[in-house]
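Engineer: In order, the protein sequence lines correspond to chains D and P.
For the first sequence, this note's numbering begins at 1 and goes up steadily by one.
For the second sequence, this note's numbering begins at 1 and goes up steadily by one.
Hints are not guaranteed to be accurate.
Said to hold, decoys possible - One side of the interface only, derived from the structure: several residues of chain D facing chain P at Cβ under 7 Å: (1) G93; (2) E117; (3) K366.
Because the hints were derived from the structure by calculation, they are not lab data.
Think of the CB as a built atom: it goes at the ideal place given N, C-alpha and C, for glycine as much as any other residue.
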Amino acid sequence: MAEAAKATQAVKGEHGYHGNVHERSKALMEAWAAESARRARTGEPSATIMISGNCVEILRAFDIHPLFPEVSALQMAIRKQSLPLILKAEQVGYSSDNCAYVKADIGYLLSGGYGPEGTLPRPALVLCNYVGRNVYVKWFEHLAEFTKAPLYVLDIPFLREARPSPDDVAYVVRQLREVIALCEGITGKRFDIDRLREILAYSARAEEGWVRAKELCKAHPAPFDAYFDSINMMGPINVLRGTRECAEFFDAAVPEYEGMVARGEGPLPEERFRTVVEGPPPYPYYRSFRNLFAKWGAVAVQSTYSTVGGIWEFGFRHDPERPLESIAEQMLVQNLTNRSLLDRYGQIRAYVEGWRADALVIHSIKSCRLFSAGQGDMREYFTKELGVPTLLVESDLEDPRYYAEAQMRNRIDAFFEALEHKKVMGR
Amino acid sequence: MTFEAIVEECRARLARPPGEVAATWKAEHPGGRAIGCFPVYTPLELIHAAGALPLAVAGGGTTVELTHADSRFQSFVCSIAKTTLELGFQGRLAGLDGVLFHSICDVARNLSSVMRRNFPDLFVEYLHLPQNTASEAAVDYLEAEYRRLLARLEGLVGHPVTDDDLARSILAHNWRRGLLRRLYAFRAQAPHLLSLAECALLTRAAGAMPVESYGPLLEAALVALGAREGRLKDRVRVVVEGAFCEQPPLGLLEVIEEAGCYVLDDDLMTGWRWFTEDVPVDGAPLRALAEAYRDRSEYSSIRHDWRKPKAQGLLEKVRRAGADAVLFLPAKFCEPALFDYVLYREALEREGIPHLVVEFEEKQWTFERTRNEIETFVESLLFD
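Chain D extracted, bound-state conformation (with noise of 0.2 Å):
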């Protein structure tokens, strides 16, 4: 009984999840769908791109207003708008089991959202940042013939050695000069390198106050959870990135955040469990997926997902003193999708060992096989090898069809009160 109450009051303790963050960050992602809206009327130029490893930089550099696909997507499963477009999607030729990202994109597509009816532009160019993620590769082929506009694809090679190789480098720098070369097409402008280096500036401002917030969750109580709110500053490093808006952002967010350390809080009454989360969220379910957790006292102190964009914990810099050099580096090296399973394997074991977590939390998803491919033997390493708690659960990240929350619930719950009898049982 007193841990049925306590974990009522835990969801009671919601309130912990908002403030001035969030309603800053909520802001900052109003302000860039109104810049999309307004583009969508006035014809002003704008690219899509990925979020993974990107060069949203160089498009700054051109005033090309930058579009993310898999953005609107989640922000379309967030509100619940998701299905239909999915079901539209279905009836082209899509399939059941393709990423559903890329058919509710598609479905607002063929729905007449991109163009001067819609709120999102049809775009100057289709610029596919292939980043690890062969799926990318067929999301943007597929935009670009929808919307009939010009379709470039910066390959980015996998990272298959420790370093990328000088050939590698060599490669996407040329490639970059073609983005370039495009861009200066599309606008009319000239590349001026000295603006792209002001941009990169405040890309690395915010990626500095990114890696501060996060280290941050090293304390105890963790400030903010890693996963769950963590998209508060993933909205600002990756659709804003580059822009003043972005620096001034985090700028504002870590003293946030080292208040609530000093005084010892964190976004639930008590922490009792600290997580590692894999595997992005189920957006369509997101309050009440975080609840099954909240219930428990479980905050996610790190999350390879928030790292989809970039990795920044581990010093990588974007450098306005080698400017297209630094790019390439993020894009090659610096971004979770572009390094293998195994890589990530390190990743999490770091997070697991540096921000002192108790269990490792997989949410696999159906629809991104880059992420989820191969969980059960992530499981199988951490579990076995490496003794930590791990749990794995599965859904998706766009379609509500695959989120069973009974199901859920029932494996969160058992997963939690074995590791509390454990915890219980080590005093």
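We have chain D already, so just place chain P on it with the hints.
Structural biologist: Only chain P this time, still in chain D's reference frame:
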């Protein structure tokens, strides 16, 4: 040897797991190395030039029961990934010194990691083939990537590989691919004399034996085919598309024809055929292979060439073959094939070319529903 005997010889060779084939070959070639090649395309010339034996490692079909691999890969992952891993767990890859993967899809990418962790003694290499073939930089990059792979292979076999070695290997594989092109050309002209299943067995055998013994076998098959006789029946002439990685069970291939189709062209085992014409041997070999990958490759769901949409490649294939329809045969959960279907379908409908989708799994063993679907499709075309 009769044609039928050659086909049976291929069937027998394919019944042996790659590890066993490798072990036999290594016993006959002391000090030799054998490398498994996961689909789709592998630059076999590099392995061959290093004196090693390239073998297809492409799942276990119905020959393997999953006991461990399904705990590593989820239910929504294609069968080939799981059965390939299972072959490893069951020791049926023992004999191979390594396995090569490349950037075909997200599952294959992760499989390479899982293989590396679970079989630490295996040489597991991942090749990144360029996906921006329209860029001038792609050939330079690929040549460098081949050089990197070659250096790794040299480390494995313990001796350097010369340009002459590579040129000889290109010639050997040009010969093999040329024979396969002749086999396919024969079937396009006389599909009643070479069934889809026979053609598939002959093609798959390329991945189960050394090129030096495969070439003469296929030459003999072509000679024997020339003597075959038969009567052309009233069937729907189709192109099969989408089975470029996981291979359909032979029973399914038989059902396609029994249900009333002639298959004029397909993309089965496309990686072992790959080039539309010979790779030149008059220049630097790695450069020639890289240029051939850019300019002489067959279109494929796993190779993106922004200079020419894949759908255009399919339409040209259909027209060249004089086919009436397209039969899509994607493996269950195969994202590249399932995604491409959308754009293929759009192009085919624009051109008024009928098509049918039939998903399969390599482990599938009953085909009655599929037979019914294809028969209905065929009847709708024959009696329309």
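Engineer: The structure should be examined with respect to each hint, and the outcome stated for every one.
Structural biologist: Now for the hints, and whether the structure bears them out:
no. : hint : verdict
1   : G93  : holds, 4 Å
2   : E117 : violated, 22 Å
3   : K366 : holds, 5 Å
The structure does not agree with numbered hint 2 stated previously, though it agrees with all others.
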